[in-house]
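Asks: Take 1 as the starting number for the sequence shown in the working numbering and just add one per residue.
FYI, nobody ran anything at the bench for these hints, they're computed from the structure.
Predicted model, so just to flag it, every value in this text is computed and none were measured.
Honestly, I wouldn't trust all of these hints.
25 Å max Cα-Cα, derived SDA-like pairs, lysine to any residue [claimed, not checked]:
id : residue 1 : residue 2
1  : K3        : S21
2  : K3        : A13
3  : K3        : R15
4  : K3        : N18
5  : K3        : G75
6  : K3        : T14
7  : K3        : A17
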Amino acid sequence: MIKNLQMLIHPLATRVANMVSRAVVRRVDDGRGVQSLQLGVLDGETREGVERLQEYGFTSVPLPGALAAVVFVGGRRDHGLTVAVDDARHRPRNLQPGEVALYTDEIVGVLVRRGGVVEIAGTSDAALKGSSYASAEATFLDALTAYAAAVAPIADPSGAATATLTA
1 MIKNLQMLIH
11 PLATRVANMV
21 SRAVVRRVDD
31 GRGVQSLQLG
41 VLDGETREGV
51 ERLQEYGFTS
61 VPLPGALAAV
71 VFVGGRRDHG
81 LTVAVDDARH
91 RPRNLQPGEV
101 ALYTDEIVGV
111 LVRRGGVVEI
121 AGTSDAALKG
131 SSYASAEATF
141 LDALTAYAAA
151 VAPIADPSGA
161 ATATLTA
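Kindly produce the complete structure, drawing on both the sequences and the hints.
Replies: What follows is the structure, encoded as structure tokens:
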């Protein structure tokens with residue numbers, strides 16, 4: 001009786017056990033509407049064309065070797081959905097609680113720090129600082145004015161349109 005019950009439950013238990021898995025990204029196809037991945041799932045198991053769901057308004061192309069969390073619908077290994085990808089090799093560390101970073105494998109591009117400070121890579125004092133829109137706008141306009149002054153001699157060597165550019 002118990003053996004018969006075990007035989008009945010075994011396929012269901014296998015499907016439940018196969019529903020969620022860790023995987024390693026091997027290759028990315030970013031040319032379609034939904035990105036698809038080649039993943040190394042279990043020892044020796046490779047899954048091709050696994051769709052990667054991303055948050056609306058944000059997208060990225062993970063590097064080979066990144067870690068992925070995959071959900072297999074109904075426990076069927078032929079239909080996986082990648083729901084998260086992380087790459088500890090490049091993730092910025094030591095942020096304060098509540099801080100956010102936008103980064104690649106080469107650079108931390110934007111840091112949103114506590115106190116309303118936004119740091120942008122490649123800038124020094126031109127980073128947007130301050131908790132109000134007016135302060136951020138003033139910082140941006142100062143940076144834009146400095147940029148316009150720097151490019152005016154190149155864009156308008158005769159000086160004929162410089163007054164229009166600076167206005």
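Asks: Does each hint hold? Answer for all of them.
Replies: Cross-check of the supplied hints:
{"no.": "1", "hint": "K3 <-> S21", "result": "29 Å, violated"}
{"no.": "2", "hint": "K3 <-> A13", "result": "15 Å, holds"}
{"no.": "3", "hint": "K3 <-> R15", "result": "19 Å, holds"}
{"no.": "4", "hint": "K3 <-> N18", "result": "22 Å, holds"}
{"no.": "5", "hint": "K3 <-> G75", "result": "23 Å, holds"}
{"no.": "6", "hint": "K3 <-> T14", "result": "16 Å, holds"}
{"no.": "7", "hint": "K3 <-> A17", "result": "20 Å, holds"}
Hint 1 from the earlier list is the only one contradicted by this structure; the remaining hints agree with it.
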